[in-house]
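Heads up: the sequence shown is residues 1 to 188, going by our numbering.
In case anyone wonders, no lab produced these hints; they're calculated from the structure.
This one's a predicted model, so the numbers in the text were calculated from it and none came from an experiment.
Glycine included, C-beta positions come from ideal geometry on N, C-alpha and C.
Keep in mind that the hints are not guaranteed to be accurate.
Calculated cross-link-like contacts (lysine-lysine; reagent style BS3-like; alpha-carbon spacing at most 27 angstroms) [stated by the list, open to error]:
1) K111 <-> K92
2) K92 <-> K79
3) K111 <-> K79
Just the calculated beta-carbon pair ranges, DEER-fashion [claimed, not checked]:
4) P23 <-> S136: 30 to 38 angstroms
5) T17 <-> A133: 49 to 57 angstroms
6) S136 <-> P93: 27 to 35 angstroms
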Amino acid sequence: MQIGIVGCGYVADFYMTTLVNHPELRLAGVYDRDPERRAVFCRHYNARAFDSLEALLAEPEIGLILNLTNPHSHYVVTKAALEAGKHVYSEKPLAMEYAQAEALVELAEAKGLSLSGAPASILGEAGATVREAVASGQIGSVRLVYAELEDGPVFREPVHEWRSVTGSPGRRRTSTGSDAPWSTLATI
């Protein structure tokens, strides 16, 4: 299946690094609203650049869109992709509002399209084991679920200096001096 990427920020480089593990997928093109970022990304990966989201979505060869934009753009980009008849895999969260996420699921179901989102770890062995234990009643009635992610000493690292292989910053200071998370760096 041919795929299109929307958003050429920091996380897009990680997707490109692992794309070789999925020979059934082939990158057909990318779009980012920042022409300079798009050009650097396309030059590095020898990818086809699209000048607009509409042009990328109109490409009949593309069957799946990877939505790697900032979270506030996830709903708009995913909705447009579904309306264009494309399957979608989106970075988290699927949308910023629950009602928007529900609407996306309903739209995908109505069009017979797949809609999925990161992290896909819930689809792995640990997630399957938990689902089976809950479904079988093996652990009794679930009353509370708590999860914690241990990122180790990442918070001590000089994240303001991090760059992806195409030069996209990992984190940056905003005009107010606060940290801008990685997800704000991918743009539509």
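Requested in this report: Evaluate the given range 49 to 57 angstroms for the C-beta pair formed by T17 and A133.
Outcome: violated, 33 angstroms
State, for the Cβ atoms of S136 and P93, whether the hinted interval 27 to 35 angstroms holds or is violated. Distance hint for S136, P93 holds at roughly 29 angstroms.
Within a Cα-Cα threshold of 27 angstroms, do K111 and K79 meet the stated pairing?
holds, 12 angstroms
* Can the restraint linking K92 and K79 be considered satisfied, given a maximum Cα separation of 27 angstroms? -> holds, 15 angstroms
- Message: Hinted pair, alpha-carbon criterion (27 angstroms max): K111, K92. Please report holds or violated.
- Response: Between K111 and K92 the Cα gap is close to 22 angstroms, so the pair holds against 27 angstroms.
- Per the hint of 30 to 38 angstroms, is the separation of the Cβ atoms of P23 and S136 within bounds? For P23 and S136 the Cβ distance comes to about 36 angstroms; the hint holds.
Hint compliance for this structure: hint 5 is the single one not met.
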